[in-house]
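For this one, chain A is given, so just place chain B on it according to the hints.
2 protein chains.
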Amino acid sequence: MSLHVAKTADLGFAEWVIEKQLRIEQMLELTLPSTDIAPQVLHSAMRYSALGGGKRVRALLCYAASELCNGDESMADVAACAVELIHAYSLVHDDMPCMDDDDLRRGKASCHKQYNDATALLVGDALQSLAFEVLSNTQKISNTKLQLSMLNILARASGSIGMAGGQAVDLASVGKSLSQAELESMHLLKTGALIEASILLGVANGSEVQIIAARTFAKNIGLAFQVVDDILDVEADTDTLGKTAGKDATTNKPTYVTILGLDVAKQHAQHLYANAINALKPFGASGHRLKELADFIMQRSF
Amino acid sequence: MSLHVAKTADLGFAEWVIEKQLRIEQMLELTLPSTDIAPQVLHSAMRYSALGGGKRVRALLCYAASELCNGDESMADVAACAVELIHAYSLVHDDMPCMDDDDLRRGKASCHKQYNDATALLVGDALQSLAFEVLSNTQKISNTKLQLSMLNILARASGSIGMAGGQAVDLASVGKSLSQAELESMHLLKTGALIEASILLGVANGSEVQIIAARTFAKNIGLAFQVVDDILDVEADTDTLGKTAGKDATTNKPTYVTILGLDVAKQHAQHLYANAINALKPFGASGHRLKELADFIMQRSF
Numbered sequence: 090m091s092l093h094v095a096k097t098a099d100l101g102f103a104e105w106v107i108e109k110q111l112r113i114e115q116m117l118e119l120t121l122p123s124t125d126i127a128p129q130v131l132h133s134a135m136r137y138s139a140l141g142g143g144k145r146v147r148a149l150l151c152y153a154a155s156e157l158c159n160g161d162e163s164m165a166d167v168a169a170c171a172v173e174l175i176h177a178y179s180l181v182h183d184d185m186p187c188m189d190d191d192d193l194r195r196g197k198a199s200c201h202k203q204y205n206d207a208t209a210l211l212v213g214d215a216l217q218s219l220a221f222e223v224l225s226n227t228q229k230i231s232n233t234k235l236q237l238s239m240l241n242i243l244a245r246a247s248g249s250i251g252m253a254g255g256q257a258v259d260l261a262s263v264g265k266s267l268s269q270a271e272l273e274s275m276h277l278l279k280t281g282a283l284i285e286a287s288i289l290l291g292v293a294n295g296s297e298v299q300i301i302a303a304r305t306f307a308k309n310i311g312l313a314f315q316v317v318d319d320i321l322d323v324e325a326d327t328d329t330l331g332k333t334a335g336k337d338a339t340t341n342k343p344t345y346v347t348i349l350g351l352d353v354a355k356q357h358a359q360h361l362y363a364n365a366i367n368a369l370k371p372f373g374a375s376g377h378r379l380k381e382l383a384d385f386i387m388q389r390s391f
Numbered sequence: 090m091s092l093h094v095a096k097t098a099d100l101g102f103a104e105w106v107i108e109k110q111l112r113i114e115q116m117l118e119l120t121l122p123s124t125d126i127a128p129q130v131l132h133s134a135m136r137y138s139a140l141g142g143g144k145r146v147r148a149l150l151c152y153a154a155s156e157l158c159n160g161d162e163s164m165a166d167v168a169a170c171a172v173e174l175i176h177a178y179s180l181v182h183d184d185m186p187c188m189d190d191d192d193l194r195r196g197k198a199s200c201h202k203q204y205n206d207a208t209a210l211l212v213g214d215a216l217q218s219l220a221f222e223v224l225s226n227t228q229k230i231s232n233t234k235l236q237l238s239m240l241n242i243l244a245r246a247s248g249s250i251g252m253a254g255g256q257a258v259d260l261a262s263v264g265k266s267l268s269q270a271e272l273e274s275m276h277l278l279k280t281g282a283l284i285e286a287s288i289l290l291g292v293a294n295g296s297e298v299q300i301i302a303a304r305t306f307a308k309n310i311g312l313a314f315q316v317v318d319d320i321l322d323v324e325a326d327t328d329t330l331g332k333t334a335g336k337d338a339t340t341n342k343p344t345y346v347t348i349l350g351l352d353v354a355k356q357h358a359q360h361l362y363a364n365a366i367n368a369l370k371p372f373g374a375s376g377h378r379l380k381e382l383a384d385f386i387m388q389r390s391f
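From first to last, the protein sequence lines stand for chains A and B. Here the numbering used here is used: the first residue of the first sequence is 90, the next is one more, and so on. Here the numbering used here is used: the first residue of the second sequence is 90, the next is one more, and so on.
You may find that some hints are simply not true.
If several chains are the same, the list does not tell them apart, and a pair holds so long as it fits within one copy or across any two.
Keeping only pairs whose Cα atoms sit at most 30 Å apart, straight-line, the calculated DSS-like set for lysine-lysine is [stated by the list, open to error]:
1) K265 with K370
2) K336 with K308
3) K342 with K144
4) K202 with K336
5) K370 with K202
Hints in this document: simulated from the structure, not taken from any laboratory.
The following block holds chain A by itself, in its conformation from the complex (with noise of 0.2 Å):
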């Protein structure tokens, strides 16, 4: 897929990366359950469902967040590791037969697949209670007002209207044509609640207009990714995405590409990426790890 923005050559960038996946890897492994600790099954599936795998984009998005405002690091932490929980649970309940029914996931096989359907659903529902767990740690965050303000955040991003929400609006439109404006909301729910709330929990002891800035700079990166989302599912193979590619089309989903066709998405995508980045003018210099992150959202299939 080429899109036109700008490359990120910044070695900088890459090192960052790294560094914060490496780092929400070692938060999420210290935080779910050992496989010592009954019920040994479910937190070997909790592992296997959580850990090693995903560019983990909400995590880092949460952490460059957080950098905006100088916040302090081991919040961002929290933070970061509640969202890649919610987001690990949402994809075991994605996946299986009821929804999705999807067997590959991240380049293996899904939970429900590897384990079986009873234990994925409480791989899910356990993942979710483990995200409010860490959350509500005293432990980690001094200011509990504000720690208070982020599980609010996270739960209303999480249910009925946010992502779960939007999953069920997703469900619901199999097989019918929606407009635009019908898939734009689905997906401002089903992806794009939990990739806000990373975002707005990184910047949650912000300034007013930080926070208004960052939540508009949120839903146009969140809309975006979703349509890059649907064009990779077209153009990328399944080896590249680590999970079904083309599934779409044989589900009968209406998407970006069904809507508005291969060309205009992947106008629209520009579109979306160019108010993303416009949202990040008050922050000057310092929204820099944000907009690098707008391209490496926009350029996932490298």
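Then chain B, alone, in the frame of chain A:
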């Protein structure tokens, strides 16, 4: 079923129960998103699953424990609501075909029968998020540190070393012979953890002595609750239970009745009840509501 416990002839208690049941119903009614809000089907299914059913034992325990420490009633409302949302989510997921596969719940079609499996999955997910959203609402509780510790208690009780973990152990035990100790440790997680959390959320602002006593009460009454459940599964009929009777035998699940026999199971329930009542001694006369609730739990079939 006839267990030798003190009869609760006290009209004051019966009125208290009705008042609190109405109160928690109203709290849930206000908390659950309206069916006017999109996604409507998901919100309708969430309300179907969480409203108008059950004895609200967990909410009652939370209110009673809160009264014991002269706790703030709006704090108890929020905690009771969160606990009932977690309980409702667990019932929806437990009834799904890949788990207990039960068509009947609280006297009506279970969520996946009334809607479908995908909706039931999302209903459970969104009810769990909603529980944490409610409990992290800073409008309701003024002590933010206390509120965070309540969130942490609920998250731990719900997760892999609590309720979800107990469900995993339960599934793994089908067709196996368990010792009484193994059965007990499973139930301490599966039903015990959330019952304990209900009481601990109620006494969250109590003294250390009160919290320790409440925990002992909770552990014993939680186990007694489960023994009574196993007895009722054998002795009561489907209409009385509001869920399928005789289910344990047909699914080849180890229960207190299969391990101990009916008579010894009843004696064991009696023994746990006595331990629970004994734990209330430090509270003196003010422990009467929890005592009455213990009786209520033992006499659930009436």
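Here is what the structure says about each hint:
no., hint, result
1, K265 with K370, "neither (39 Å within a copy, 63 Å between copies)"
2, K336 with K308, "within (25 Å within a copy, 48 Å between copies)"
3, K342 with K144, "within (25 Å within a copy, 42 Å between copies)"
4, K202 with K336, "both (17 Å within a copy, 28 Å between copies)"
5, K370 with K202, "neither (46 Å within a copy, 51 Å between copies)"
Going down the numbered hints, you'll see the structure goes against 1, 5, while the others check out.
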